[in-house]
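S.K.: Listed below, chain by chain, are the residues.
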Amino acid sequence: MREAIDILDARRRQVHTKGAQPFQLDCEKHSVAGSVSQRACVFCGSRVVLYPITDALHLVHGPIGCAAYTWDIRGAQSSGSQLHRMSFSTDLREKDVIYGGEKKCETALIELIGRYRPKAAFVYATCIVGLIGDDLEAVCRRVTAQTGVETIPVHSEGFAGSKKDGYTAACAALDRLVGSSESPPPDGPSINILGDFNIAGETWVIRDYYERMGVNVISTITGDGRVDDIRRAHHAQLNVVQCSGSMKGLARLMKQKYDIPFVHVSYFGLEDVSKALYDVAETFNDPAMMQRTKRLVRDEISAVMPRLRRYRDALQGKKAAVYTGGAFKAFSLVRSLRTLGVQTVIAGSQTGNPQDYQQLESLCDDGTVLLDDTNPLELAKFIDQTGADLLIGGVKERPIAYKLGVAFCDHNHERKRCLAGYEGMVNFANEVYSSVCSPVWSLSPRKQHASSVKRSIAPGPLVTADAGLPLNAKVPQCPTAATAPSPGSDSQACGVCQLKAHCSGLAAQETETA
Amino acid sequence: MTLLRHTSADQDVQREALTVNPAKTCQPIGAMYAALGLHRCLPHSHGSQGCCAYHRSTLSRHYKEPAMAGTSSFTEGSSVFGGQANLLAAIENIFTVYDPDVIAVHTTCLSETIGDDVPQIVEAAIDKGLLPEGKMVIHANTPSYVGSHTTGFATMTKAMVDYIAQSSGAEKIRDQVNLIPGWVEPADMSELKRLVKLMGLDPVTFPDTSGVLDSPQTGIHEMFPAGGATVDSIRSAGDSCHTIALGPICSGPAAKALFAKCQVPQTTLPLPIGLKATDQFIMKLREINGGFVPDEIMTERGRLLDLMTDMHQYFYGKTAALWGDPDQLVSLAELLITLDMIPKFVVTGTPGKKFFKRMGDVLGDHAQACKVDQGSCADMFQLHQWIKSDPDKVDLLIGNTYGKYIARDEDIPLIRHGFPILDRIGHQHFATVGYRGTTRILEQILDAFLDRQDRDAPESGFELVM
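Heads up: the protein sequence lines correspond to chains A and B, in order.
With my numbering applied, the first sequence covers 1 to 514.
With my numbering applied, the second sequence covers 1 to 466.
Hints are not guaranteed to be accurate.
Below, simulated DSSO-like cross-link-like pairs (lysine-lysine); rule was C-alpha separation at most 27 angstroms, straight line [unchecked claim]: (1) B:K353 with A:K103; (2) B:K128 with A:K29; (3) B:K371 with A:K381; (4) A:K319 with B:K64; (5) A:K257 with A:K164; (6) A:K95 with B:K353; (7) A:K95 with B:K128; (8) B:K354 with B:K371; (9) B:K353 with A:K381.
Simulated from the structure, these hints should not be mistaken for laboratory data.
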């Protein structure tokens, strides 16, 4: 990398070093033309959100690329139908662009619906469809009338904004399904899980926690999603939103239409997942539920803490760079890394808003570089400058880290192990440890002069223990269960984990209860 | 309905209007890959951000390398008022910050349809003084609704000729040949260059992704790694004595353009995969070098032939299904036939009628036994239907990673070949062209058969020596 390379003038205000000057960070801007942006488009936003609805048909109306590039690239797992993993495209050709693609789209839908009998169909409008003006609403109306299968247009023309606008389009499409079921509401407290995409089966873990708390999960939107469940989602008493960037829109629509409140949560890291469960329990104002929740949190933390501590001992003092799609996940990562003794020295996102960055700044230590919508050169530059040992990001960041000779952890679509929840934190620790402390870096030019890292954790039993994440696994009892604070006493931290969240996660400074 | 069953065996599903699980992708990614084979070039996607992001991600997943490219970041405004302002800003920003020697702009379906005239915009950039001295912008029109990723590759390769190659007017350089390698892996490009050099010739190879997408770990993020065809070398292509274009779809257009522009005689050959196709390549080089083939190449050929004869009993009558890019498929099919195997099903999503003729020529007597399809409905769904409805299961699948679902569903071994390969490494480092490269494919095929035999053998038939 040339020393002279610097930040684009137009981007200077999108970079901030904490403590260097009063906090100010520009964000929510379009990427500068010509930058090697890590961002994607409206279609991408819609596609990733709706993709995990597994028993719906997903037809990409456009030239082949948009369908090809989104064909089964996300590990959003399904407990049933796998229809979502197929790639359906109208493969528009030049003559379709000239004469219009409506007929082709309609024929394709009728063929596909006849063949697969999906519960519903989503039709994604790509750049070219928006441009040639195909009337997808009309096509979908006709197909719905003819087939009886609700066919929903997704207005996801790539150029019509950024990835975030794709989330909005997806939420608008979902809004058409929600409330369309006449089945009666379930008994007892009930929620929808919003904004978890079941990467590596994470939704199943979260769902299990809620069920153990005594909460009915009506729908999971959209990880392992089912059309019929989404139709019934309006019966829930609370929407629990994880990926706020993608799903806050739907939560707001449901608040307006059905008066369902929502909370923002995160399931990454011990503190955040505990807080999530407490927040939900608190909403229902049911002492028995709160007791179950406290027991759950205590048992889970007690089970994972001894294992985490070993990783923390090995990772203490390491430095990490975090670059995520949404900003909310970055908060969790900063906290999770801190749990592991790792300091975050670079933190950024593709789509954060001013409040997000303000909060991110408050979480970080002085000297941390905050980046909005960054690019590979900047990332490389700041990794060099800060001496980060680890980059956490997605597919386009992975090879950059490796070229630099820096460890990497995928916390995006391509993670292969569940990183959510308590067991997920152990998996995360294992991922970070296995990369940061790998002997390969000591062979890299970057680290040849630095002291080499010694492995301190034997891989055998840990890999076995952490490899899988059985649902409803029996969690070992907290070794200090007998002496741990009894449920209901909120003030003390557990002797095992020292985490406030273990016993009192009720502080709600970040909670937006609408 | 599960993922692993794209289709059931019961009926031949007739489709009119849709592609299910494609055996191709769109033009711009091909243009981006080709442009990465130009030294100190930043590919630039003139369209929405998503196109660029998807192409970079897909190339990164395949090559396990950073794939750098800029985007014009189209907005709604750009799609109404045109992308001129975006491209001008992009050109200025790219030269200011990333400082490439060349920006290689390719269009997308969006910029193509709104009618952005890239050469005119580049003219405007030059008028405004946005191009620093010695720098250049080249372009390729790559609407996604025409051709496939292979034609996008071809178009950008041709653009290198149109923009860069020149004839100095002097006599053609007797030992210098142009080598247009087609869409192959970086290791293949290295191997092809090696063969040309062994033949005593000086290759001008473009595009050349070796050294760019198989670069070493240095601890530094190089925006522009050391490899790639330099502008100077491509400029001199107009003075070469001959052009060898490998693969008519990916390389033919550039070779023809170079002939038209600089009168460099050209020969378009099949990709040198397999003994026969490599022979054609070497024979052509032999014509050019005055009739000389070094012992080293003869030895490599002999080794390959030796392996083919040593192992021929394992190949007789074995059948295979292939999918991917036309240039690759034609040569692979010929290789299988020389091994006494039968290519039974062949699909490519890339449209173009010449493919049938080329496959027909290669298949010869086997043409009757082989189902071939190309175009929109020639996709993985079609292939899976053919395989399922065939009473004799094929013995082998050869194609990109998307075949793994069929492999699992039908319990047929899969050899990964082509683009994209998302779940294995090696393809970018081990060539499959030339005699040595063919040896590697041979090894993979044989391993697949022998592994299968070992796996399925009863204990009494499980033997040490095979």
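S.K.: Is the Cα-Cα distance between A:K95 and B:K128 27 angstroms or less?
M.R.: violated (37 angstroms)
S.K.: Given the hinted pair A:K319 and B:K64, is their Cα-Cα distance within 27 angstroms?
M.R.: holds (24 angstroms)
S.K.: Regarding the pair B:K371 and A:K381, is the alpha-carbon distance no greater than 27 angstroms?
M.R.: Since the Cα atoms of B:K371 and A:K381 sit roughly 53 angstroms apart, the hinted pair is violated (cutoff 27 angstroms).
S.K.: Hint check: B:K353 vs A:K381, CA-CA at most 27 angstroms. Holds or violated?
M.R.: With Cα atoms ~49 angstroms apart, B:K353 and A:K381 exceed 27 angstroms; violated.
S.K.: Against the 27 angstroms threshold, does the CA-CA distance of B:K128 and A:K29 hold or violate the hint?
M.R.: Holds, at roughly 26 angstroms.
S.K.: Is the straight-line distance between the alpha-carbon of A:K257 and that of A:K164 27 angstroms or less?
M.R.: Holds, at roughly 22 angstroms.
S.K.: Do the alpha carbons of B:K353 and A:K103 lie within 27 angstroms of each other, as the hint requires?
M.R.: With a Cα-Cα distance of about 25 angstroms, the restraint between B:K353 and A:K103 holds, given a limit of 27 angstroms.
S.K.: Does B:K353 lie within 27 angstroms of A:K95 when you go C-alpha to C-alpha?
M.R.: Roughly 17 angstroms between the alpha carbons, so the hint for A:K95 and B:K353 holds.
S.K.: For the pair supplied as a hint, B:K354 and B:K371, confirm whether the alpha-carbon distance does not exceed 27 angstroms.
M.R.: holds (16 angstroms)
Comparing the model with each numbered hint stated earlier shows that hints 3, 7, 9 do not hold.
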